[in-house]
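Generate coordinates for the entire structure from the input sequences, incorporating the hints supplied.
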Amino acid sequence: MFVLAIFLFCMSSSLCAQEKSNTARQNLALVGGRIYPDPFSKPISDGIVLIENGKITAVGAKGRVHVPPGFDTVDCTGKTIVAGFWNSHVHFTEPKWEGAASLPATQLNTQLQQMLTRYGFTSVVDTGSDLPNTVAIRKRIQSGDVIGPRILTAGFPLYPHDGIPYYVTESVPSALVKQLPQPATPEEAVRAVDEDVAQGADIIKLFVVSIVTRDGKHTTLPMSLPIVQAATAEAHRKGKLVFAHPSTNEGVELVLQGNVDVLAHTTEEAVGWTPAIVNRLKAANVSLIPTLTLFSGEDGPDANHQGILQEVKSYSDAGGQILFGTDIGFITDYRLLTREYELLGRAGLNYRQVLATLTTTPAKRLGFAATAGRITTGQDADLAVLDSDPADDITAFSRIKMTLRQGHIIYRAEGQ
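As numbered in mature numbering (1 follows the signal peptide of the UniProt record, and there is no 0), residues -17 to -1, 1 to 399 make up the sequence shown, in order.
Please note that the accuracy of each hint is not assured.
Derived DMTMM-like pairs: lysine to aspartate or glutamate, alpha-carbon spacing no greater than 25 angstroms straight-line [unchecked claim]:
# : residue 1 : residue 2
1 : K161      : E171
2 : K25       : D370
3 : K122      : E35
Keep in mind that the hints were calculated from the coordinates and are not lab data.
In structure tokens:
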């Protein structure tokens, strides 16, 4: 049975008690679980992970690693321990996030838990939101006032001139829509990038092709290549990665010619990418965030999006970088996370490859490989405890018993 041998939070096991303990450093031992130190190493059965001052200090099998006196012990018998997950495509754009600087901490804790930490996410990349508001959420987490994941943010994405997508105007608060930059010239694009970075953006997001409404019909509107190139060059000059929403294969071409780093989605095409496109993306070291659920119904991709599984499979088979991401926040039914794992499996990824998309690959791409993505001595104690082994069922990645961020338990399933 998965229980805490000692109450880790002296007040109670409630979220309120977790808040009061959030700033205290604890020495923890996770004992008895099956440990995946990284996606491709041999798992450790009946293992132990020791955590001191937010860092992993020892990992190994019982008998080789011993629990020192004074450690709080978490019984993980029958569970699986992996590195904490990255969700590389989320949004803090639902109305409930507005006014984050002054929302009650308990409310933000609950919202972050419902959307992210209950699913094992210890780091997330917000690919478009109200930048000052998202920075406020991040600051409250960093201060210990609120319990949540590491947040990297793009803030305000850049759109084609007069090119806000129809679904953004329908789903995002109008006050936020009015702030979204739509540069008409390369110079305006550079200024928009500079303004995002000055306000705290960690990455830059471009809508290189928008789907807009014209005369009552949906049509595509590309960003001009000089604007893409200017924005990307300025972002790189400031040390920032550039993510892009491609929409179509025309968007992929803009990504390649514009030196963009990350595709925030597959393309919304009925057919997949040609081998030539795959090879060019791989040669350019472009990472792909599939967000397969976004384009899929209950039975998988619809007739207009059959190519997306092929795109992911062909890129993975070619050795291209895949980053896990769900577009959660735009997708408001958080339970659909399980489907993303199923669809990645249908695209040909095995459980080890999926674990890499959640851990080592994003940590490396986003510059955190030295401290995140693996269960090894010296890394931050960002961990997810799964109810079962994804080697047996890939959807086990969605069944989380406990999430730890820098050694703090930021989510624990009810009854555990």
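For each hint, the structure was consulted:
no.	hint	in the structure
1	K161 <-> E171	16 angstroms, holds
2	K25 <-> D370	19 angstroms, holds
3	K122 <-> E35	24 angstroms, holds
Of the hints listed earlier, there is not a single one the structure fails to meet.
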